[in-house]
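Residue numbers (my numbering), protein chains in the order written: chain A, 1 to 255; chain B, 256 to 609.
Any given hint could turn out to be false.
[As the list claims (entries may be wrong)] If the Cβ cut is set under 7 Å, some of the chain A residues that face chain B in the computed set are:
no.	residue
1	ASN159
2	GLY160
3	ALA163
4	TRP164
5	LEU174
Read the hints as simulated data drawn from the structure, not as lab findings.
From a predicted model like this one, the values you see are computed outputs, not experimental measurements.
The beta carbon of each residue, even a glycine, is placed where N, CA and C say it ideally should be.
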Amino acid sequence: MTPRTMPRLAPRSVLLIVLGVLLVALVVGMEQLAPLFRAWFPDQNPAMYERESFLNLTLAHVALVLVSSLISVGVGVGAGLFVTRPAGREFAPLVSTLAAIGQTFPPAAVLAIVVPLAGFGFVPTLVALILYGLLPVVQNTVAGLGTVPPQTLEAARGNGMSAWQILWHIELPLAMRVIVAGVRVSVIINIGTATIGSTVGATTLGTPIIAGLVGNNLPYVIQGALLVGLLAIVTDLAFERLERRFSFGASGATP
Amino acid sequence: MIELQGLTKRYGDTRVVDDISLTVEQGEFCVLIGPSGCGKSTTLKMINRLIAHSEGRILVGGEDVTTLPPELLRRRIGYAIQSTGLFPHWRVAENIATVPRLLKWSTSRINARVDELLALFQLDADDLRDKYPHQLSGGQAQRVGVARALAADPDVLLMDEPFGAVDPLTRDALQVELARVHRQTGKTIVFVTHDMDEALRLASRVALLNGGRLVQYDRPAELLVDPANDFVRDFIGRADLGLKLLSRRRVEQYYQPAQGTRDATITQAATTHARPTWQVDADNRPLALIGGRLEEPATVRTDVNGEWTATPDMSMKEALSRMVWFRVTALPVLDDQGRLLGEVTMAGVMGHRP
Chain A
1 MTPRTMPRLA PRSVLLIVLG VLLVALVVGM EQLAPLFRAW FPDQNPAMYE
51 RESFLNLTLA HVALVLVSSL ISVGVGVGAG LFVTRPAGRE FAPLVSTLAA
101 IGQTFPPAAV LAIVVPLAGF GFVPTLVALI LYGLLPVVQN TVAGLGTVPP
151 QTLEAARGNG MSAWQILWHI ELPLAMRVIV AGVRVSVIIN IGTATIGSTV
201 GATTLGTPII AGLVGNNLPY VIQGALLVGL LAIVTDLAFE RLERRFSFGA
251 SGATP
Chain B
256 MIELQGLTKR YGDTRVVDDI SLTVEQGEFC VLIGPSGCGK STTLKMINRL
306 IAHSEGRILV GGEDVTTLPP ELLRRRIGYA IQSTGLFPHW RVAENIATVP
356 RLLKWSTSRI NARVDELLAL FQLDADDLRD KYPHQLSGGQ AQRVGVARAL
406 AADPDVLLMD EPFGAVDPLT RDALQVELAR VHRQTGKTIV FVTHDMDEAL
456 RLASRVALLN GGRLVQYDRP AELLVDPAND FVRDFIGRAD LGLKLLSRRR
506 VEQYYQPAQG TRDATITQAA TTHARPTWQV DADNRPLALI GGRLEEPATV
556 RTDVNGEWTA TPDMSMKEAL SRMVWFRVTA LPVLDDQGRL LGEVTMAGVM
606 GHRP
């Protein structure tokens with residue numbers, strides 16, 4: 001195959017692939033960098049976090065974000081749909097206020113409240129992340145459904161679509177780009193916020209960071225932060241690609 | 256056939272549509288017209304129950320519209336709106352297939368119908384089928400919008416200012432096309448506009464509304480020559496009533512036999528004719544007009560070109576306009592082969608009773 005016929009990759013796609021490979025390589029091979037960290041921090045011993053493998057930490061972190069995001073998205077999109085239907089319209093201010101409270105509450109405070117109720121570990125972190133991730137999803141669901149032109153809805157009704165058919169075939173596809181943008185914000189926030197779950201005993205990539213902060217071990221902090229940062233960037237780039245899939249012509253192309 | 260019986264719409268104490276009764280016969284092109292807020296759009300939308308009526312009855316094809324679930328009713332009535340309301344995430348073919356898909360037609364039947372409709376609107380199927388609405392010109396998008404309304408072959412077509420958002424040239428072409436489609440399909444059409452020229456051009460009947468009430472329901476010609484009151488007269492526009500009337504008339508109602516001759520030396524002889532003479536070729540195609548120019552002697556010869564000719568289906572307004580523009584007192588009326596059928600003359604326009 002000559003270079004002329006090769007499909008050209010957008011620079012963003014190249015970046016996504018490069019960073020994705022780097023992330024995977026670091027997750028499975030961080031331990032190989034031990035000599036580097038030892039050379040960088042000769043006074044620090046140990047200079048490599050070894051109480052748990054970075055693969056396990058990453059998988060636990062991803063699982064936490066995935067579960068919390070799925071619940072946030074389910075509840076958030078559901079609430080957004082509910083308040084944009086005729087039956088739920090009067091609840092719109094209430095729902096947006098509740099979602100806003102969820103976001104203004106610092107996750108650390110949520111942990112402080114939930115730990116006495118649910119104990120340490122995975123569950124309180126999950127609750128904090130769900131509450132924290134709800135607002136962007138609700139907001140963008142409502143905003144996305146609001147971008148569907150009234151003429152489009154009138155045409156759908158006038159052509160004999162039922163309310164469900166309009167929602168499923170017209171409103172959701174047209175709102176999807178904005179909804180996905182909200183999910184993107186929610187997930188990225190939660191990738192970062194999940195790290196503080198380690199303060200209440202959840203296993204996340206925050207574990208080496210907290211251990212490093214407590215034990216004054218800078219290499220631990222760097223190792224955890226590097227992976228969390230990369231994970232967030234790669235996820236963000238992947239969502240960007242997903243969003244672009246849902247642009248439809250002139251109305252959807254403008255960000 | 257559509258019957259409105261004492262149709263009323265109230266919002267609180269305001270009657271936006273007040274006791275309207277009218278019948279639109281099968282195959283009729285009924286235009287609802289009136290100033291903003293006169294209730295014309297509301298009336299239209301009550302027919303397919305996009306807006307619920309407060310009082311009265313609506314019968315479509317003899318059936319009360321409230322006897323059917325609204326979705327089923329709407330799938331039987333075509334609906335086209337301004338700026339088309341095409342679904343931006345669906346291709347042209349999918350947009351046109353909206354109602355057939357709701358009715359669960361087979362794929363092959365849907366494809367055949369889409370092609371048929373694209374052909375009816377003289378749209379290139381190969382080029383447009385797979386395009387998205389934002390890739391279409393305004394005129395193409397409007398045609399697709401009307402094609403979508405016709406997709407399931409409804410007897411009745413409702414159109415809410417469908418050409419309100421396109422430029423005047425495109426609008427003109429769309430009107431010509433809609434008139435043709437109406438002739439070809441024989442659909443019953445209810446069409447809302449605020450543009451009197453559009454109404455006179457398309458309608459077989461005009462319903463003029465004001466303040467929610469029906470002021471006059473008549474054929475366009477009657478509306479022009481016999482307006483019910485001053486409101487109607489003002490709304491039509493007193494100043495160019497005559498031209499509006501001509502826009503409703505066709506050349507075929509006006510043209511007279513023409514004097515044709517094959518004599519190429521007619522120039523000299525022309526002075527003996529009281530009326531202008533057409534020099535024609537062996538197939539009776541006009542080559543030149545002898546005389547027929549106001550400011551010049553009756554012997555002057557003007558070569559016929561395609562621009563100052565008329566066809567039987569041309570409006571008299573356009574024929575008059577061509578006479579004025581090309582400064583001739585007669586136009587040759589040609590059949591589709593370009594042969595001389597007759598002539599329309601300036602005197603003929605004046606001589607005809609309104």
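Hint check:
This hint holds: ASN159 (chain A) has a C-beta 5 Å from the nearest C-beta of chain B, less than the 7 Å allowed. A distance limit of 7 Å between C-beta atoms decides the matter here; for GLY160 (chain A) the minimum to chain B is near 4 Å, and the interface restraint holds. Look at ALA163 (chain A): its Cβ only gets to about 9 Å from chain B, farther than 7 Å, so that hint breaks. A distance limit of 7 Å between C-beta atoms decides the matter here; for TRP164 (chain A) the minimum to chain B is near 10 Å, and the interface restraint is violated.
Interface hint at LEU174 (chain A): satisfied, since its Cβ lies 6 Å from the closest Cβ of chain B, which is below the 7 Å cut-off.
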